[in-house]
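Colleague: Each chain, written out:
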Amino acid sequence: MNLLDLSQASPQARAASPAQVQLDHQGRLRHFLDIEGLPRSILTEILDTADHFRGIGDAEVKKVPLLRGRTVANLFFENSTRTRATFELAAKRLSADVLNLDINTSSAAKGESLMDTLVNLEAMQADAFVVRHGDSGAAHFIASQITPNVAIINAGDGRHAHPTQAMLDMLTIRRHKGEFANLRVAIVGDILHSRVARSQILALNTLGAAEVRVVAPQTLLPVGIETLGCRVFTELEAGLKDVDVVIMLRLQKERMDGALLPSESEYYRRYGLTRESLAHAHPEAVVMHPGPINRGVEIESAVADGPRSLILDQVTNGIAVRMAVLSMAVSGQMKARAERRDERTRGAGA
Amino acid sequence: MQEPEVRDEYDALPDVQALLEAMTEELELLFERREIDRERLIPVGIHTGGVWVAQALRERLGLSAPLATLDIGFWRDDFGHKGLPDAGQGSQLPDIENRDLLLVDDVLMSGRTVRAALNELFDYGRPRRVLLACLLELPGRELPVQPDALGASLALAPGKRIKLEGPQNLRLTLVDTGEGAT
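Residue numbers (the working numbering), protein chains in the order written: chain A, 1 to 350; chain B, 1 to 182.
Among these hints, one or two may not hold up.
As the list claims (entries may be wrong) - Calculated lysine-lysine pairs in the DSS-like style (CA-CA distance at most 27 angstroms, straight line):
(1) B:K82 <-> B:K160
(2) A:K335 <-> B:K82
(3) A:K335 <-> A:K92
(4) B:K82 <-> A:K62
(5) A:K63 <-> A:K92
(6) A:K62 <-> A:K335
(7) A:K63 <-> A:K335
(8) A:K177 <-> A:K241
(9) A:K63 <-> B:K82
(10) A:K92 <-> B:K82
Don't read these hints as lab results, they were simulated from the structure.
In this text the structure is predicted, and so the values were computed from the model without any measurement.
Next comes chain A alone, as it looks inside the complex (with noise of 0.2 angstroms):
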């Protein structure tokens, strides 16, 4: 059953640019829907609100006030346990209420269309909406159709984008590297079908990184790749050569139409990122993976375990960075709505 049809946007919906519809006049996030289009200003913002959030697991009391009495639904159209579950402790550790739906089993099953199910959880009065959606394009149709009040924030959509992925993956890189004028890094792995390797290559220019790398066999290439602003590798050993961070992505086998691989086997020999293969990267490199790991499919155990991984480290800065995004994007509305009060107060007075 789809339940998105994009054809319902509303012409100027579907000419909005992922910026216009994510920002406020002011320049102020009101969205997180797509690294694309947003300011280098604005993902430091939030990697440096994150950073600070950090702080916050140090505590007895994992929380901070700032988004108590706020709703924020998490709306997942499609299976997601850690995404999901991250974005659920972050929403708590700002102590809103947090509500969680899983679409595909409750309403839409029923029969309501998407659009009903939306416009009655705003009338729950929810502040966010925490959007996991199998369909390219479907938080930024929701932020610019459906619900002008509440913060839209893409937790993944189709092959699209994945953006709080990509700044977890950028703060954990910034954390343990400094800034990213000097850093090489290398995507490895199944770029046809993920939507993060789309937002980490976004992200990494954006952030000024000196030079992104894409590695992967031709069939998990998409077609054009190279005009977001990165090199292409088809070998391996070539492409971890003297970088300083190798991302590994999991071959995402749901979303694989037919046979684009001989084997695991076989793709493991040329792709897997074993001992042998990480020596050919800088020897400080570090090795990430926004999980679930197939060991010995994408990644030996003795690497995704070892001392240069960096794995746990992602999953730590993903709770943080979904608070930055969840409380920077509320604090855009709630100020959006607190100028619109103050214009109906003056204009009522004049």
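Following the hints, complete the assembly by docking chain B onto the known chain A.
Modeller: This is chain B only, laid out in the frame that chain A set:
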């Protein structure tokens, strides 16, 4: 209660070193009166000016505990109006469970910063006692908060704001906000 003196000129502002002297004396008496073990007292400065004042007091009082710092940005009560504060410098606190704390800020006005600081402190543990020291007090209290040690009470002319400059050679300056003066 004595009315605070109105200051509207730079030259009329008090000397910070003299205020710190007065606060040190007041705190020494307080420690004695309330039998506070200064070996176990943790000084906690509220970013940014409060950290500078707390460091100066820590040296003058000969406190041995390292300086703790508190960034109350995420505990402010004006998120709905002002939005998210700029990312600050974070809090650095040791284990505060059952310890005596000396909470320090540069200026006490509405009392909301101190309230936020107390909220934050209790998220890190349950201190035994919290003392409050402020370099300056200005009119405009909105919450029932009173300092245990105070440098001076001032009232500013309309359109003026006071600022502590530091961290070295602490000094007070008047800033013209461009608001309120008629």
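Colleague: So which of those numbered hints doesn't the model satisfy?
Modeller: none
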